[in-house]
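Novice: Chains S and X, in that order, give the protein sequences.
Count the first sequence with the working numbering and you get residues 19 to 518, in order.
Count the second sequence with the working numbering and you get residues 52 to 208, in order.
Treat the hints as calculated values from the structure; they're not laboratory data.
Take every hint as true, because none was put in to throw you off.
Computed far set for chain S versus chain X, every beta-carbon distance over 12 angstroms:
(1) F156
(2) Q262
(3) R265
(4) E308
(5) Y381
(6) P393
(7) A399
(8) D480
(9) F504
Covered stretches of chain X, going by a simulated chain S footprint (3 or more residues, C-beta under 8 angstroms):
(10) 53-62
(11) 67-79
(12) 86-95
(13) 101-110
(14) 141-154
(15) 165-171
(16) 197-203
Short derived list, chain X residues pointing at chain S, Cβ under 10 angstroms:
(17) F83
(18) G132
(19) R135
(20) A184
(21) Y190
(22) V192
Nothing here was measured: the structure is a model prediction, and the numbers come from that model.
Backbone N, C-alpha and C fix where the C-beta goes; we use that ideal spot for every residue, glycine too.
Letter by letter, the chains look like this.
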Amino acid sequence: MDLFNDLFLGFSIAFTPTNLMFAFAGVFLGTLIGALPGIGPSAGVAVLLPVTFGMPPVTAMIMLAGIYYGAMYGGTITSVLINTPGESASVMTTLDGYQMALKGRAGAALGMAAIGSFIAGTVGVVLLMIAAPPLAEFAITFGPPEYFALMLLGLTTLASLTGGSMIKGLLMAVVGLTLGTIGIDLMIGAPRFTFDNVNLLDGLDFLPVAVGLFAVGELLFNIYRPIRSKPIKAKLSGLLPTRQDWRDSSGAITRGTAIGFFVGMLPGAGATISSFLAYATEKRVSKRPEKFGTGVIEGVAAPESANNAASTGALIPLMALGIPGSGTTAVMLGALTLYGMQPGPLLMSTHPDVFWGLVASMYIGNVMLLILNLPLAPMFASILRVPYSILIPIIIGIALFGVYSVENSLFNVGVTIVFGGIGFVMRLYGYPPAPLVLALVLGPMLERAMRQSLQMSLGELDIFVTRPISATILAFALAAVLFPFFVWLRRLRRERRGDA
Amino acid sequence: MTRADVIAGLLLGLGFSAVIWEASSFQYGTEFAPGPGFAPIWLSVIGLILTALMVGVALTSARKPQPADEGENPDALEPHGLLRVALALVGLVGFLILVPWVGLAIALFFFLLFLTLGVQRLSYTAAIGTSAATVCFVYLVFVLFLDVPVPSGPLGF
Numbered sequence: 019m020d021l022f023n024d025l026f027l028g029f030s031i032a033f034t035p036t037n038l039m040f041a042f043a044g045v046f047l048g049t050l051i052g053a054l055p056g057i058g059p060s061a062g063v064a065v066l067l068p069v070t071f072g073m074p075p076v077t078a079m080i081m082l083a084g085i086y087y088g089a090m091y092g093g094t095i096t097s098v099l100i101n102t103p104g105e106s107a108s109v110m111t112t113l114d115g116y117q118m119a120l121k122g123r124a125g126a127a128l129g130m131a132a133i134g135s136f137i138a139g140t141v142g143v144v145l146l147m148i149a150a151p152p153l154a155e156f157a158i159t160f161g162p163p164e165y166f167a168l169m170l171l172g173l174t175t176l177a178s179l180t181g182g183s184m185i186k187g188l189l190m191a192v193v194g195l196t197l198g199t200i201g202i203d204l205m206i207g208a209p210r211f212t213f214d215n216v217n218l219l220d221g222l223d224f225l226p227v228a229v230g231l232f233a234v235g236e237l238l239f240n241i242y243r244p245i246r247s248k249p250i251k252a253k254l255s256g257l258l259p260t261r262q263d264w265r266d267s268s269g270a271i272t273r274g275t276a277i278g279f280f281v282g283m284l285p286g287a288g289a290t291i292s293s294f295l296a297y298a299t300e301k302r303v304s305k306r307p308e309k310f311g312t313g314v315i316e317g318v319a320a321p322e323s324a325n326n327a328a329s330t331g332a333l334i335p336l337m338a339l340g341i342p343g344s345g346t347t348a349v350m351l352g353a354l355t356l357y358g359m360q361p362g363p364l365l366m367s368t369h370p371d372v373f374w375g376l377v378a379s380m381y382i383g384n385v386m387l388l389i390l391n392l393p394l395a396p397m398f399a400s401i402l403r404v405p406y407s408i409l410i411p412i413i414i415g416i417a418l419f420g421v422y423s424v425e426n427s428l429f430n431v432g433v434t435i436v437f438g439g440i441g442f443v444m445r446l447y448g449y450p451p452a453p454l455v456l457a458l459v460l461g462p463m464l465e466r467a468m469r470q471s472l473q474m475s476l477g478e479l480d481i482f483v484t485r486p487i488s489a490t491i492l493a494f495a496l497a498a499v500l501f502p503f504f505v506w507l508r509r510l511r512r513e514r515r516g517d518a
Numbered sequence: 052m053t054r055a056d057v058i059a060g061l062l063l064g065l066g067f068s069a070v071i072w073e074a075s076s077f078q079y080g081t082e083f084a085p086g087p088g089f090a091p092i093w094l095s096v097i098g099l100i101l102t103a104l105m106v107g108v109a110l111t112s113a114r115k116p117q118p119a120d121e122g123e124n125p126d127a128l129e130p131h132g133l134l135r136v137a138l139a140l141v142g143l144v145g146f147l148i149l150v151p152w153v154g155l156a157i158a159l160f161f162f163l164l165f166l167t168l169g170v171q172r173l174s175y176t177a178a179i180g181t182s183a184a185t186v187c188f189v190y191l192v193f194v195l196f197l198d199v200p201v202p203s204g205p206l207g208f
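Just chain S, same shape as in the assembly (with noise of 0.2 angstroms):
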């Protein structure tokens, strides 16, 4: 029954005039996102939250969640009509969403992927609201061990899994929660590398960095290796799917969306593991599994529905236990604790308006996504004919302005330079930025935890594996490390053998 009283709240708070309109303009400026090759979810987010100041927190949550939903829809425009990832989740969609446009069902490919979406956004919506607020309820018994233990989880998992070399994303996690002691120790006041410098006494905020890394790294990228790319010409219409296409879906969406939701919840794994977990388990399931890559409608069905229910499982770990799995819930985190409220098991029973406002915006948000989707679909299209040249001058502007608003501070804006240069290069040799953002954001609340548990065992290290739920969840941290050490020396093995 609390429940529905919950939700019933939740849609109270969705339903006002503001928080409608912002719901709105974050699903749509989500598909816009999405749409262009090379800003993701996270660069949007980042960009666009100074836009969410001086909002209640609520709405600017609605907002910020709708973008990040929107954008896993909108990457699917771009894999279909260009053969070009929006964002790394809809890579596996360009394998047969673009073979489909080429036969003249563009159409339909963005058809099953916004239907597809739009039921594994909103099962995923259904399955967060019933599983964060127990998870949360058992998370207040947790103590600093087994946060530490799971933010560790949270690193390792993302570094690991990123993509590329794993000890790039874990030296880049270092990095990050290096970083994360600049600034005032919290504990007993002390500074650390702050040089004299006013600007350092907080810290390194996570927004420039996260710009920097994230957007303007980027954009230098595209200014370094221009994107051209030409969408086909596609009739966009027939965006409704057949009978046949709903008998060959069905089983890839409910599949999809499985794997999306319990992937997504996963801290470190998301939106970009779980399409690729869905597309692979599509193909091994098919009775035509050769005809993958040719263009068959599951192929994009699957992938597109589990990056929609990541994008709602992940916000699991970051309602429920405060800890982000992901870039894009990094910087929705460091944007919580922006409009003054501490991330956490007890956000949901200090801020339930917040909570309860985004899981019912979500809702709403994704009968948005629907609506404005398939009759729409052309006009997002048609922004992939906005030459690369303008668009970037337009979005460096807005994060310049964005960052200086937040603290009106160019300081903020020097860093973002700083760091764009640096993502640029970091891009350029494949070193991922999520796992820095992420453990610069992490970085104080892990040091926090592991001194204050350090003083709970007045100093003995046993306390982290005596205690069986962070013992536990240490276990994980480290098999996150380890296994993909293995598969390699498996490999190495393999291939030895292989010379031999």
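Starting from the structure of chain S, add chain X where the hints point.
Specialist: Frame of chain S, contents of chain X only:
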């Protein structure tokens, strides 16, 4: 893993060493708990280990014979692209220097004009139009709509 990783490894190694050197002046621990120096020192030690691993892997892979059809050399950089990025970064620094003198909006306009004309080589019409429209849009949103006080220039905005 490429030569760039070796250079990055050396730079990161230097950075972590500098952190250890600076953090050694902080209190390492109190009687029962770590002090402000504990985390930076141990993080840098882990960072140094990971950096050494990365450099080691890069050097090992460099010794391996490369197949003839290796494709694009990951170390090969596009000089024209790098020049464009360097110019864009110079423009960004110039923007930062200009703000106290001419205000945020006008500095942004000049930077965007430089970016679109000098770096991206757009036509005059497209460059001026894009720069002016962007500045008007952000000024409208942040200054007029969100009431953010921004540094103003001699023209009053």
